[in-house]
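Novice: Single-letter residue listing:
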Amino acid sequence: SAVISQKPSRDICQRGTSLTIQCQVDSQVTMMFWYRQQPGQSLTLIATANQGSEATYESGFVIDKFPISRPNLTFSTLTVSNMSPEDSSIYLCSVILDRAYEQYFGPGTRLTVT
Amino acid sequence: DQQVKQNSPSLSVQEGRISILNCDYTNSMFDYFLWYKKYPAEGPTFLISISSIKDKNEDGRFTVFLNKSAKHLSLHIVPSQPGDSAVYFCAASGRVSNFGNEKLTFGTGTRLTIIP
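Chains as they are written, first to last, in the working numbering: chain X, 1 to 114; chain R, 1 to 116.
Hints in this document: simulated from the structure, not taken from any laboratory.
Quick caveat: nothing in here was measured; it's all calculated off a predicted structure.
We put the beta carbon where it would ideally sit given N, CA and C, even for glycine.
Be a bit skeptical, because a hint or two may be false.
Stated by the list, open to error - What follows is a list of derived Cβ distance ranges for each label pair: (1) S69/X / Q3/R: 36 to 42 Å; (2) I63/X / G60/R: 41 to 47 Å; (3) Q24/X / L11/R: 21 to 27 Å; (4) D64/X / N57/R: 38 to 44 Å; (5) Q14/X / N57/R: 36 to 42 Å; (6) S69/X / R61/R: 37 to 43 Å; (7) S69/X / S52/R: 34 to 40 Å; (8) K56/R / F75/X: 37 to 43 Å; (9) T44/X / Y39/R: 15 to 21 Å; (10) K56/R / T79/X: 24 to 30 Å; (11) N50/X / G16/R: 44 to 50 Å; (12) S74/R / R15/X: 38 to 44 Å.
Model the full structure from these sequences, guided by the hints.
Specialist: Right, here's the structure in full:
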């Protein structure tokens with residue numbers, strides 16, 4: 001497995017502001033993903049972070065709201081823009097190592113928007 | 001449209017007994033299934049997986065069973081230990097995404113409590 005860290009671990013933000021979440025992996029990985037877990041809900045895939053190109057977003061998620069960067073094979077950021085209380089969630093990054101389907105998750109960032 | 005369903009939001013089991021967590025799916029294109037365990041304030045931890053070409057996979061105390069005709073899988077933990085208390089998510093993958101096979105669709109989770 002890989003060691004995956006996320007910063008910040010939690011934050012409380014005001015409506016209308018933006019927050020950038022960082023995901024760092026201790027080894028180079030091919031694929032990185034960003035998920036959201038809203039309170040009491042399952043994990044929902046936001047997008048795939050592609051190294052050197054634009055992220056691939058899932059239905060219901062757009063780049064203007066959730067811009068993603070992936071400058072290299074070990075690092076990615078997710079920005080939650082123009083936040084509203086509905087964005088209060090846990091945001092998680094995940095990676096795929098040498099297996100095609102097993103994903104390993106970071107510890108998550110708990111975001112509360114007031 | 002919830003393609004992966006865990007109908008039991010919670011389950012309590014006596015320590016030492018068997019825990020059985022269930023998961024149903026609707027999309028017949030799913031061909032790989034995974035179970036994750038999640039403690040509070042931590043990310044999900046991969047537990048065990050099974051390919052659709054198998055009907056059983058075992059790893060220590062954990063066994064996953066797949067019934068393709070019923071579109072049902074289950075996770076058996078035996079014997080159950082207090083450290084197994086966590087939320088368990090099942091997830092499925094297959095030829096359903098627009099960029100490859102790697103997309104995981106998660107169930108809503110089952111909170112397992114092991115009673116000492």
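Novice: Each hint should be assessed against the structure and marked as holding or not.
Specialist: Structure-based check of each hint:
{"no.": "1", "hint": "S69/X / Q3/R: 36 to 42 Å", "in the structure": "30 Å, violated"}
{"no.": "2", "hint": "I63/X / G60/R: 41 to 47 Å", "in the structure": "43 Å, holds"}
{"no.": "3", "hint": "Q24/X / L11/R: 21 to 27 Å", "in the structure": "35 Å, violated"}
{"no.": "4", "hint": "D64/X / N57/R: 38 to 44 Å", "in the structure": "42 Å, holds"}
{"no.": "5", "hint": "Q14/X / N57/R: 36 to 42 Å", "in the structure": "47 Å, violated"}
{"no.": "6", "hint": "S69/X / R61/R: 37 to 43 Å", "in the structure": "41 Å, holds"}
{"no.": "7", "hint": "S69/X / S52/R: 34 to 40 Å", "in the structure": "35 Å, holds"}
{"no.": "8", "hint": "K56/R / F75/X: 37 to 43 Å", "in the structure": "39 Å, holds"}
{"no.": "9", "hint": "T44/X / Y39/R: 15 to 21 Å", "in the structure": "20 Å, holds"}
{"no.": "10", "hint": "K56/R / T79/X: 24 to 30 Å", "in the structure": "43 Å, violated"}
{"no.": "11", "hint": "N50/X / G16/R: 44 to 50 Å", "in the structure": "47 Å, holds"}
{"no.": "12", "hint": "S74/R / R15/X: 38 to 44 Å", "in the structure": "43 Å, holds"}
In terms of the numbered hints stated before, the structure departs from hints 1, 3, 5 and 10, listed from lowest to highest.
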